[in-house]
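Take each chain as given, in its own frame, and dock them per the hints.
Protein sequences appear in the order of chains A and B. For the first sequence, the working numbering gives the first residue as 1, with consecutive numbering after it. For the second sequence, the working numbering gives the first residue as 1001, with consecutive numbering after it.
Keep in mind that the hints were calculated from the coordinates and are not lab data. All residues carry an ideal CB built from backbone N, CA and C; glycine is no exception. Each statement offered as a hint is correct.
Derived coverage of chain A by chain B (criterion: at least 3 residues anywhere in the stretch with Cβ under 8 Å from a Cβ of chain B; other residues may be distant):
# : region
1 : 17-30
2 : 36-48
3 : 62-73
On the chain B side, residues computed to face chain A include the following (Cβ under 7 Å):
#  : residue
4  : GLU1014
5  : VAL1018
6  : LEU1021
7  : LEU1032
8  : THR1036
9  : VAL1039
10 : LEU1134
11 : VAL1137
12 : VAL1142
13 : VAL1146
Computed far set for chain A versus chain B, every beta-carbon distance over 10 Å:
#  : residue
14 : ARG77
15 : PRO78
16 : LEU79
17 : ASP80
18 : ARG96
19 : ALA98
20 : SER101
21 : THR103
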Amino acid sequence: MRFGSIRSPRRGFFLLDAIIGLMLLGVLTLMMAASLRNASAAAQRMGEQRSALRIAENSLTALQLGRAIEYEQVEIRPLDTPPPAQGFVWVEVRARVAEQSATLIGVVPVAAKPRAEEVADEPS
Amino acid sequence: MNLHDRARGMTLYEILMVLALLSIFAVAASRLFTSTARVMRELPAQDESRMRFDAAMRMLRDDAWRAASAAGEEGAVSLNLPDDVHVRWELDNEGVLLRTSGEGEQRWNVRGVVQGLTADEAIVIVRLDGGDELHMVRAAAVVAEVHQ
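One chain only, chain B, in its complex shape (with noise of 0.2 Å):
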């Protein structure tokens, strides 16, 4: 009888043992679990967006270096290229940079990225989030730096 009365409360005792181990552990791992989803929730997310900014930026770049001559309001830039080819560069309330040329139309969504653009007469500038900027130069505007 006093065996079995032992085994009892033993049992009790490592049931709360268990389960303090297990209370512990659960709020631990369930944090962890949580920050684990949403790192794994957000990382495709921001690289998609980073080839997308990165595409954009490679092609705004391109244009700006070989305009002949840019003119900036907010939100907007305007390229006069080589061959009388006129570039718009956009950036819409909706966070999506549009490109506009006698070929077409080319959207980028780079919401949450960049903040804003506008140029000088050298230098495209690209307003990205966290108050950064990118300078894209003209060639053109170099080439007169020179001569002066």
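The shape of chain A in the complex, shown without the other chains (with noise of 0.2 Å):
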């Protein structure tokens, strides 16, 4: 009787130690299981965003010199500011990615806003 009343504690705090230490190391697991998933999510945001911007930039430049808009995701709007010379007119180039996304605002020739606007009026 003893003996089993100094060897019973000993077996439960065996058992129960390794749990609470594994459970201690499990949180630790998810822990950093968390921060990487949020590392990777907010590399991602990131390249959608790049993306976006290259978008929207490409988008301004074909406006610039009359040529076709190759992107869907964009949104363009003639803007009311004064313009910076006669024969332009500033626009706001809006391109997404995903949840991302990028806003230019550039002038282009006035003959580029009827088009701008066709592309503002197309549903996104």
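Structure representation (structure tokens):
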């Protein structure tokens, strides 16, 4: 009986200690997994943001040169701001990639304004 | 004696249980640690590469905007800037973007980001990894478009 009373608490504590230790390790693992997931999501968001910016820049360039806009996820809005020179007009180009968007404002030839309005009217 | 036997049996059972739990944890943790180490190793390099690329593109965009004329061949672009300044941009086989002008030479390592470089009469085209392109317009071409 004396022997059992000494052994029993040690036996119980061994399993309990191990389980508590594993639980702590599990919590740390979950925290690490969460931070890893956050880092991946942030990298993906940044990639989408850069893609949106690239699409906006290429679309503005196309408008400036009277070329066709190759992208569908672009909204173009003429602005009422006075133009910097005769023959130009200010436009706002907004591109969207997934949840991210980028906006550029630039001058384009007046001839591009009707095209800009057409693109702005198209359903996104 | 019975108590002693029970104690030994339970200890073995406990050890097996703990070993099983530890094995499961070790497999999961090793995968996670590998992924974490890879991300931690790659992130600074990616940041640095992105900063180099942005710096190079900022300068190329500025050169392209100011250029009175541009000529492109595969992997290289020649730009004539005001005041008779001639600038040549070239992407070498090592993935290094090289800007040569009268002021000297500048280099940016853009390996794995920029795949090609060319130009037509109006824009400088940078081909990026993944098939995307970056178009940089010349101001003179925009003005010419207005006067057409």
